[in-house]
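Residue numbers (our numbering), protein chains in the order written: chain A, 1 to 354; chain B, 1 to 178.
Hints were generated in silico from the structure; no laboratory data involved.
Note that CB positions come from ideal geometry on N, CA and C, so glycine has one too.
Be aware that one or more of the hints could be misleading.
[Stated by the list, open to error] Quick look at which bits of chain A chain B covers, simulated, 3 or more residues with Cβ under 8 Å:
hint: 1; segment: 173-181
hint: 2; segment: 335-345
[What the hints assert, rightly or not] Facing chain A, from chain B, some residues (calculated, C-beta under 7 Å):
hint: 3; residue: S36
hint: 4; residue: P39
hint: 5; residue: Y41
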Amino acid sequence: MAEKVLMKGNEVMAESAIRAGCRFFFGYPITPQTELAAYMSKRMPKVGGTYLQAESEIAAINMVYGASCAGARVMTSSSSPGISLKGEGISYMAGCDLPGVIVNVQRGGPGLGGIQPSQSDYWQATRATGHGDFHVMVYAPSTVQEMADYAFLAFDKADEYRIPVMLLADGMLGQMMEPVVLPEPKGELPEKPWATSGHKNKRAHNIMDSLYLTAEELEDLNVARFERYQSILRDEQRAELFMTDDADIVLAAYGASARIARSAVVAAREKGIKAGLVRPITLWPFPTDAFEQVMSHAKLFLTVEMSMGQMVDDVRLASAGRVPVEFFGRTGGIIPTPVEVLARIEELSGKVGA
Amino acid sequence: MSRTMNAVLAGFGGQGILFAGKIIAIAGLIEDREVSWLPSYGPEMRGGTANCSVCVADDPIGSPLVLRPDVLVVMNQPSLDKFEGSVQPGGIVVADSTLVQRIPAIPNVKVCAVPATKLAEENGYKALANVILVGKLFAETHFCSEETIRAAVEQCVPASKKAKLPSNLAALEIGMNA
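Please take these sequences and the hints and turn them into a complete structure.
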């Protein structure tokens, strides 16, 4: 087995991307994400890649757009306010069906907000990363090991479905160090016959464009894209079920808050409360199948987030009125404690008689 | 020996608080335990103080943010003032008494005062007070094996600064005997 090392989440996402064949990184510094870019600036030249600190986030995402058009594996990273700036470029990439990996190490918002950890960009990641009818795939790691695993996988999925993929982390995961086994470097990368990489007079030239002035043509493209989304919804859902088999109160939490929720579930079990946790790993596609597995016996869902309540919308949609959905959250950069989550579980347990 | 440890290390920026935390985390890694290391990176860091949370456990670690430490290592008075009330019963405080003027008595908590900065300067290991305190913590708790703590220091000193390894190991020794 490969060596286990102690590394920061931000640096792990960078190293794992390089191992996945990423050879272009464009970014702009922002706390709490900067270590990712700093790591890329050191490593990229050594693997024959390109690191470029752009003049802005908008410039960076458009460089990603260009490199992806040319068929490269490419990444950018930022934190919440910077991701908002990238929104236009991500929409253009979606309109061109371009792969690419975007990292958001979330901090408190709105506006410039704070620099402490937050999960308040869930809606942005899953609903409206930019304008127009489109989705990006969203992975939400909750350990440094998962940051390695999903940064690596994100490039494969981006190429497979020709879709921008986002890694939605937060300041806590980005800054913390944990033991990690890094993936083996990728050898062969997939062919990209659609890329604007030079036709050498052997094929018609490829064009990347998201401008379609004929309404029917644009509608056809959008419908075809959403048909591809159907296969992502069917095949790419990921979630972890923890102690849910007999659970009355099922917590739902992703990323950093899932770690806290997990501790609270263990503490609740010690008090005789049958609690469990559904931990979405993909936020889009939302893992509705995992929620279906617990729907028949769950008496209540409790969504725990570092936000005012965003993923709770998707839990309500998954429940569709069958099981009541409650919410607990802290915001502004506050990390909830297992003790306060447990207190909420106990309170709700009394209510539902669980 | 293989018990859960939830540590907070705190002091001024530049004293090597994050480095000291990393030694503990690497020791956990060497013994193949669950480990997390979380630094403060907020405005308090820009104000000159730094702290980090380190967890070493056998089960997966939930929140890496330690709010009720059983180990507190402090290198200045404001850090002691801020964290002394949070230490769990049965826990331990290791304070650099050169810089922490008020050494408190806390019920059910062992408080070790080590003049680490003075010891470091006397022995010519300026800026290694942090490693001295880790040595003291090790001697008091044996949170890992002696072989492991030395190996952890070796791993934490970067290859580019290998010349500083002997002084780091000597500082660890001073702390272990302090």
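Status of the hints after comparison with the structure:
1. 173-181: Coverage by chain B holds here, the residue count being 5 at a Cβ distance below 8 Å.
2. 335-345: Coverage by chain B holds here, the residue count being 3 at a Cβ distance below 8 Å.
3. S36: holds (5 Å)
4. P39: holds (6 Å)
5. Y41: Holds - the Cβ of B:Y41 comes within 7 Å of chain A, reaching about 5 Å at its closest.
In this structure, every one of the numbered hints holds.
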